[in-house]
Amino acid sequence: MVQIERIQHISIALSLLFLCFIIELIRRKRIKESYALLWFVSAIVFIGLSVWRHGLERLSAAIGIAYPPAALLLLAVGVLFLILIQYSIIISKLSSENKRLSQEIALLRITLEKKIFPRKHTAQDAHDEES
Amino acid sequence: MNHRGLVIVPAYNEAASIATTIQDITRAGIPLDILVVNDGSCDQTSAIARETRKAIVIDLPINVGIGGAVQAGMLYAARNHYDIAIQFDGDGQHRGDEIPALIAPLLEGRCDAVIGSRFVMKSPGFKSTFARRLGIRIFEYVNWLLTGIRIADNTSGFRAYNKEAIAFLSEHYPSDFPEPETVVLLAKNKFRIAEVYAAMRERQGGVSSIGGLKSLYYMVKVLLAICMTALRPPIRKGL
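So the protein lines, in turn, are chains G and W. Numbering follows this note's numbering, with no gaps: position 29 of the first sequence is 29. If you want this note's numbering, it's the position in the second sequence, counting the first as 1, plus 1000.
Note that these hints are calculated values from the structure, not bench results. One or more hints might be untrue.
Once the Cα atoms are required to be at most 25 Å apart in a straight line, the calculated SDA-like pairs of lysine to any residue come out as [said to hold, decoys possible]:
| hint | chain 1 | residue 1 | chain 2 | residue 2 |
| --- | --- | --- | --- | --- |
| 1 | W | Lys1163 | W | Ala1104 |
| 2 | W | Lys1188 | W | Arg1232 |
| 3 | G | Lys93 | W | Pro1234 |
| 4 | G | Lys93 | W | Arg1053 |
| 5 | G | Lys114 | W | Pro1061 |
| 6 | G | Lys114 | W | Arg1053 |
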């Protein structure tokens, strides 16, 4: 019984520490709120499970897991999956935005070049500028 | 009938062949503007292309891949009101003297996009590896199944587009290995696609972007992209 209480104290402390860490990162603008949301929710879930001692047992019984810590691991893996998928989404968005921006830079540069050094461009280009 | 045509040459580290490619395009025998899209090359591609004084060169600040490079060319074509855009590889595979035959179906208004293929007729000159031919065959059947349009060489980068297709592709060009996917995308959006025979050469310089283990990745990635494109609703409305 004593041991269970000790692990409960440790898990509450660690979950709180984790929550504070996430809040601090948001406060310092190191993470944007929208991207921290999943971390935030998971920290609260872990605090909830640490405080509510029988929660984990109930949860695992409800979904038919015989060994409660396995449910905890499942939950942790689930949260990590969600966060990693969120990263894939963000990376995909960033890379297409990056591509688009570099295309615009290249096009802006040629427009500028044509304005600054009109003679450097070929006779064929000249009618571009007229049109 | 005074069509303005732009030849888009995506080039990534093609210093060895870019000058001859530009020279070759001028042999098309029709007035065309040449746009070299330097895709963040680390060699002299851009400088050599500029030195020819026959091409407009745009430099992408980072390497965005063939799809992004061609899209940059499409954006240039759309904003400068070109009627026809021709996609032409920078490695010397494609032949400038085949351009008039390639764009003929567009000029006649028979279609919106034309693909120049080395497989439409039996071509004695071009030999490809077995794996490559197999891949091309797979795309032929998969795209046929998904779109009902049978294209012998979906991987060919020798293509031409009319104004409507340029406007569409400048916004929606696929990335990474875009060729087979573009066919599905265009078909899905009710563009009329034609395929004409085009003679090609062995590549003059540089290395193919596809080979070895990478070709397996290429096949899987492209097949996934093709299926996803087929699953998405059409983008172009009001047809």
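Here is what the structure says about each hint:
1. Lys1163(W) to Ala1104(W): holds, 14 Å
2. Lys1188(W) to Arg1232(W): holds, 9 Å
3. Lys93(G) to Pro1234(W): Answer holds: lysine 93(G) to proline 1234(W) is near 21 Å, not above 25 Å.
4. Lys93(G) to Arg1053(W): Violated - the C-alpha atoms of arginine 1053(W) and lysine 93(G) are around 37 Å apart, more than 25 Å.
5. Lys114(G) to Pro1061(W): Within the cut-off at roughly 18 Å; holds.
6. Lys114(G) to Arg1053(W): holds, 14 Å
When held up to the earlier numbered hints, the structure conflicts with hint 4 and nothing else.
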